[in-house]
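Colleague: Let the sequences and hints guide you as you build the complete structure.
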Amino acid sequence: MRIFDPHIHMTSRTTDDYAAMYAAGVRALVEPSFWLGQPRTSPATFLDYFDALLGWEPYRAAQYGIAHHCTLALNPKEANDPRCRPVLDELPRYLLKDRVVAVGEIGYDSMTPAEDSALAAQLQLAREHELPALVHTPHRDKVAGLARTLDVLRESGLPPERCLLDHLNETTVGPAADSGCWLGFSIYPDTKMDPDRMIRILRVHGTERVLVNSAADWGHSDPLKTRHVGEAMLAAGFTEDDVDQVLWRNPVAFYGRSGRLELEVTAPAEQLFEGNSILRGGA
Amino acid sequence: MLTPLASLRTGLELRLGADARAWLHLALTEAADAPRYAGRHGLPPWERHFAAAGRHCRDTSARPGDAPHGTPHGTVPEAADAARILLLHAAGPDTEALARLYAHGSADERRAVLLALPHLDPQPSADGARALVEDALRANDTRLIAAALGPWSARHLDAHQWRHALLKCLFTGVPLSAVAGLEERAAGDGELARMLEDYARERTAASRPVPADLHRALRAARRPRAAGPAPGPAAEGTAAEGPAAEAPAARPSEQTWEG
Ligand SMILES: [Zn+2]
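Chains A and B supply the protein sequences, listed in that same order. Note that the first sequence covers residues 1 to 283 in UniProt numbering. Note that the second sequence covers residues 1 to 259 in UniProt numbering.
These are calculated hints, taken from the structure and not from any lab test. Even glycine gets a Cβ: it sits at the ideal position worked out from N, Cα and C. Incorrect hints may have been included.
Sample of chain A residues at the chain B side, in silico, Cβ under 10 Å [as the list claims (entries may be wrong)]:
| no. | residue |
| --- | --- |
| 1 | LEU54 |
| 2 | ASP98 |
| 3 | TYR188 |
| 4 | ALA269 |
Rough simulated footprint, nothing fancy, chain A against chain B, three-plus residues with beta-carbon under 8 Å [said to hold, decoys possible]:
| no. | segment |
| --- | --- |
| 5 | 53–59 |
| 6 | 124–134 |
| 7 | 173–181 |
| 8 | 210–221 |
Modeller: Right under this line is the structure:
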């Protein structure tokens, strides 16, 4: 079973997690920039975080045979802090970089005017950079939050096939599917979705445009939830091909729209020993 | 005879498909145009190409990958590294711009800045370049450490920094073949020999293997230094290294891309 986790915060995870994920079949992942639990107070700490998502974290992942990509954005929660807003001015430069496969996570947290304007501005950035957008749907007041998200998306002019609506559940999957966007489901140990509920949704909506992620982070979460869904699908009578579509081909198709997926991994040590003439640099 | 950068470019072009070659030509043209954008607001056009080199500059001639997606195994970084070095050379950023490109660069961009150091014209200030090398040597990313130990560091790092860089290579598994000027700088360095012997003893006491490269460095350190000026920066040699002398300052064009 080959697995692409389209939403996981590896910065908060250990190398044991990387090893377990590889053993479970995870070969690629996307780490969206989000908030770190502790609020940040200046754009500079965001830039250090972005640099880590483009430097140290892909290096760690490659050591365990996993291709790491990221999405960058000012997240909805911190969009409400005026001290963090200048991150929006720095994003254009960062969105150019290799391995940045979407703008995200963007969307709503408390549905404030500050969140409105950050979401609209960053959807515009996605258009300008020809990138997809990873849109977080709010955990509180979810149905109304999705409706407002879809309104802003329509106004933005970003085509629905370049947009992934994440953290969906039974009450939001219907309107999300009608919008033409890709459909993301976060499988958590307690909250959000569990594998059995995911199977019921897959039975009704099919496997098309559906992505499943662990959204594992610094909270109670499990980076192997993608694998658990694959196993639950097989036990429920879905075919290996169905599983491959949900756990690999769909995320590859969605993030592949960036033109920046690099699914081959070379372990750093191997690169050093391959006799790369440029690395040695002469003399 | 081609200069090292000209041969780097020729080698790169041979490995690129038509699209990537066209991208390279455009990017290099815009990089050569960089001085026109100095002081202007916003990102100079060539810096966009510098950021995007990995996805535009893909090696097509390398050994075929077995994977149905993406590019052949391990080939992207090499072509992109070469492209970024050529772009830096063409654009000739000053020390301040170089520091910015490094500070806000991905790991690949940072590596390219380090690899380009000895080839830049104008050369960055020694302090400016040293700050970047020191940053990379503090990192744990072995590819950054390796890139930091090119000919620039062989000439400019002081004895203490250079010895610690060598030890860090042994600690992190960076092969010493990545270290430029190893034999010359290590020769006759009694302090380095002591540090290597201590490290070997520590490993042995812990029943752990001594890295094979350690013996190579130790052999080099025990070898007497050849007559002539001391390697490393002028006026920074230790007493054991004899009177400080002018380092053999190779010009950028004299650097070679070892095959
Ligand atoms: Zn998240």
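Colleague: Hint by hint, note whether the structure agrees.
Modeller: Status of each hint after checking the structure:
1. LEU54: holds, 4 Å
2. ASP98: holds, 4 Å
3. TYR188: violated, 29 Å
4. ALA269: With a minimum Cβ separation of about 6 Å from chain B (threshold 10 Å), the hint on ALA269 of chain A holds.
5. 53–59: Held - the segment 53–59 of chain B has 3 residues with a Cβ nearer than 8 Å to chain A, which meets the minimum of three.
6. 124–134: Since three or more residues must qualify, the claim that chain A covers the segment 124–134 of chain B is violated, with 0 doing so at under 8 Å.
7. 173–181: holds (count 7)
8. 210–221: Three-residue rule not met by the segment 210–221 of chain B, so violated; n is 0.
Of the numbered hints given earlier, the model fails hints 3, 6, 8; all others are met.
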